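With chain A held as given, fit chains B and C onto it using these hints.
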Amino acid sequence: MYVQLAITGVSMGMLYALMAMGLILIVKAVGVLNFAHGQLFMLGAYITWMLTYQVNLPVWGVALCGLVCFAICGAVYMFTCYWPLRKSPWKVTVIISTLGASIAIKELVRLIWGSIPLTMEPIIPGVIRIGTAYLSYQYLFIIVIGGGLMAGVYILFERSFIGKIMQATAQDRYAANLVGIPTGVAILCTYMISLSLSGIGGWLAAPLFLVSQSLGNLAQKAFAGIVLGGFGSVKGAIVGCILIGLIESFSIIITDSYKDAIVFLVLILVLIIRPTGIFGEKIAEKA
Amino acid sequence: MIKEKRKGLSLTASVYLLAVLACVLTFVFFPQKSVINKYMMKVTNEGLIYFIATLGLCVMLGMGGQVTFSTAGMMGIGAYSTAIATTRFGMATLPALLLSVVLGGLLSFVIGLALFRLKGSYFSFASIGFTTLLFTVFSNWMEVTGGPDGISRIPKLDLYFFQCGNYYDYFRVYFVVAILCFLIVLRMRRTSFGRSLASVRDDEIAASCLGINTYMTKVFSFVIAGVFACLAGAMYALHSNYISPEPFKYDQSAIYLIMVMLGGVDSTFGAFIGSMLLTILPENMRFLKSYYKLVYGVGVIILMVVMPMGIMGFVTMLKNKLRAYFKKRRADAFQDETEVAQDGGMLT
Amino acid sequence: MAECLLEVRNVNKSFGGVVTAENVNMTVEGGQIRGLIGPNGAGKTTLLNLISGIYEVDSGIILFKGKDITRLPAHKRARLGIGRTFQQPRFMNRASAKDNLKIGTDLLNQFGYIESFFGKRGHNFDQELNELLEIAGFILDFEDPITSLPYGQQKLLEIVRILLARPAVVLVDEPAAGLNKQEQERAAQLLYKAVSSGTGVVLIEHTMDMVMSVCDRITVLNFGRVIAEGLPREIANNKQVIEAYLGGGDDDA
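Protein chains in written order, with the working numbering: chain A, 657 to 943; chain B, 18 to 365; chain C, 33 to 285.
Next up, chain A with everything else stripped away, as it sits in the complex:
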């Protein structure tokens, strides 16, 4: 049973981690939080559902078209929520703007696809038997794909040119501009990749949870994972999210309905004991 819980936990953690990675990319690139991230995750689930059942594409078609759709969404999102506000001295405006976006996206989805939750078949149907427990293949699939995506993003960032541009823009936009790096393009890429990660996460999550508007709430766990793992560190966020997934999974032993509460309680306790998170470092500001 513990094995099942562990795998479920890691799997859920991977989903949170995908969201978290997308979130941190945006935070590092533009310096503000995207509170609509959960809804974008949900949007990913809906879009892939649409591609699978309404456009009737096979799996690889869904993957391809999905990526294209996510990239477009990323661009649209950036141009509406971030671009007009990029010069604003108040970070609050961008945050509130993303709040508005989250409301708008949720409603848009509801208007297009209705409020009744939709079902989606897992990509690899069937279950695997481990000891006395049954585990849907989807969970393992998520771990594999999630891991693959993370490796992919790592390679993109560390080895490719675009990755370098994005890193430079994230670290110091002003300097990057001076050196001639097209920061606008870099930010656009960041948004597109971020949305793709969340979107794919949504696609992976869809068979496990029904495709409904409440999928967005999963983002809160991703937030918790980021805080747990430490400030702004992508590694930390991934580890944090997987931990959160495990905590959530194993808390079922104690209680089922309070698992959300337990996750956040643990978070608050960790904050009291170690405010910088697991991997965080104290950031010293220049005076």
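No wet-lab data here; the hints were simulated from the structure.
Quick caveat: nothing in here was measured; it's all calculated off a predicted structure.
Beta carbons are placed, not taken as given, at the ideal position from N, Cα and C, and that holds for glycine.
Treat the hints with care, as some may be off.
What the hints assert, rightly or not - Listed below are the simulated DSSO-like cross-link pairs for lysine-lysine, each with C-alpha atoms no more than 30 Å apart in a straight line:
hint	chain 1	residue 1	chain 2	residue 2
1	A	K743	B	K310
2	B	K136	A	K891
3	B	K345	C	K130
4	B	K344	C	K130
5	B	K136	A	K743
6	B	K306	B	K55
7	B	K338	C	K130
8	A	K891	A	K820
9	A	K915	B	K266
10	B	K266	B	K306
11	A	K747	B	K336
12	B	K55	B	K173
13	B	K136	C	K130
14	B	K173	A	K743
What the hints assert, rightly or not - Chain C residues, not near chain B, derived (Cβ > 10 Å throughout):
hint	residue
15	G73
16	G98
17	I101
18	F123
19	F149
20	A200
21	Q221
22	M244
23	P264
24	A276
Said to hold, decoys possible - Examples of chain C residues toward chain B, derived with CB under 8 Å:
hint	residue
25	I86
26	R116
27	A127
For chains B and C alone, coordinates are given in the frame of chain A:
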């Protein structure tokens, strides 16, 4: 040299006077069925309740610059503790309300100490977690909170010298409470706390070097926000004699944030405008039917692009521009510096 | 009575591999202006940050009026009487000049928030402010937003703000940068006023005229190390100092 201050009633004194006048008038004359119907009175009362909650948020966000999602959660604490105290323990309504406010203050203090170890947006994330935690407890702790069914048959507010029988009575009381809270926050702005909080918002390092304990200042602002939200929640419970966990999700906190931004993040009166507008306007927007929320969401984005300082911020900007314009005209017209100084400020 | 108000003893600080302070020793006496000079990147601002408490020292101690403050957080040091200004004026940008200056008096009064709410009266703000503004030499419209004031006035106001708190020691970071000759003179006058009431001043400056005329003693830093300490004319003739500035004497402000 400082320019001479204007003679006569200062802005603050006039506001206080106006407020007292408004209270007296309201209590005596207004409202009645002929002026406003029962349903709109209920909605207006709810607007006042949200106003009090957003006042607290105004302190944290406007003065402190911290985005928090804790408002809905703390309202829930206020609502549920009042409801439980009156229905389960048979407490009278006024002591129950005061008790919940005290509880709320204590809880905010403890949680604030934990949450403010985080900076900036990470704090906001954690506040979402806190509110979700509370919501989970509200929705699941059947024995105490009634779970998703909530708590019903909450008694009406009884102020010993005045009983609230209908929505109009509630308006009288809540209006006075709202005015009091408003004055308290106005006063806060002019104290060392207000200034310290604003320094922390604009430049934490400089604030520390000026002797401000940034951590405790932020915690204090969180407590204030929590107390106001708790009060609002208690008022909410007494007003609608039934509560359920639904209004206390973190999504609702987002709405309060939007109310503050709409009114103007720097303005206390803006919180009033924001909360009243966003409570009363939806009633008039029914023609949008199912598109309402979509328009809402898009509207928020447009608002942030076009008018990020909110309605009051826009008004202040106009005021400043007028001031600067008239000042220049005066400076050009009069050569003598002393005369300019003697005139003092012109437009306030 | 030149009481030693501030003493920095064998302080070390490095960020990653970069050593910004190495065995730094410095004293500040009451009523005296201690100049702190050195080429760019020598670690002068870092030293100020270490003293005000923004950075923590790696090793060494800092004594204030004989008391060890090395482990005290920044705001406590400020309340004990260590004030400072910054290279770029750091104000509350959305507030009026009045509110910004009142923070100085808040630091002097050090009331709790509750007391302040109920209007406890402290020191007379207006009179002292008038005095200081006369020295600073301009007329201030209280209600003006701070951002509407010209840069020079903002820099002078920063000094005024911290002087309102009557600190025992003031750390002043390049007050003359960006100021014209007249304003520089005003800044110097403000520092003299501070010194006349027994305050100790640490002055970072690049404008050599100002440094040589205003300072009582000077410490010279280079690469985080103290390479010279003494009277202005000693420093002016010090070979090492001149080399450090690469043939300098008159630096550009």
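The hints, checked one at a time:
1. K743(A) - K310(B): Given that 30 Å is the threshold and the Cα spacing comes to 28 Å, the pair holds.
2. K136(B) - K891(A): 19 Å, holds
3. K345(B) - K130(C): Satisfied, since the Cα-Cα distance of roughly 21 Å is no more than 30 Å.
4. K344(B) - K130(C): 18 Å, holds
5. K136(B) - K743(A): Status holds; Cα separation ~22 Å.
6. K306(B) - K55(B): With a Cα-Cα distance of about 23 Å, the restraint between K306(B) and K55(B) holds, given a limit of 30 Å.
7. K338(B) - K130(C): 19 Å, holds
8. K891(A) - K820(A): 18 Å, holds
9. K915(A) - K266(B): Distance of about 16 Å is within 30 Å: holds.
10. K266(B) - K306(B): 23 Å, holds
11. K747(A) - K336(B): The given pair, whose Cα atoms are some 24 Å apart, holds under the 30 Å limit.
12. K55(B) - K173(B): 16 Å, holds
13. K136(B) - K130(C): Holds, at about 29 Å.
14. K173(B) - K743(A): Violated, because 50 Å separates the two Cα atoms, which is more than 30 Å.
15. G73: 20 Å, holds
16. G98: Non-interface label stands for G98(C): nearest chain B Cβ at 21 Å, farther than 10 Å.
17. I101: It holds; I101(C) is separated from chain B by about 14 Å at its closest Cβ, greater than 10 Å.
18. F123: 7 Å, violated
19. F149: Violated, since 5 Å does not exceed 10 Å.
20. A200: 13 Å, holds
21. Q221: 15 Å, holds
22. M244: 28 Å, holds
23. P264: 28 Å, holds
24. A276: 29 Å, holds
25. I86: For I86(C), the interface hint holds, since the closest Cβ of chain B sits about 6 Å away, which is under 8 Å.
26. R116: Result: holds, 5 Å to nearest chain B Cβ.
27. A127: Hint on A127(C): holds, closest Cβ of chain B at ~6 Å, below 8 Å.
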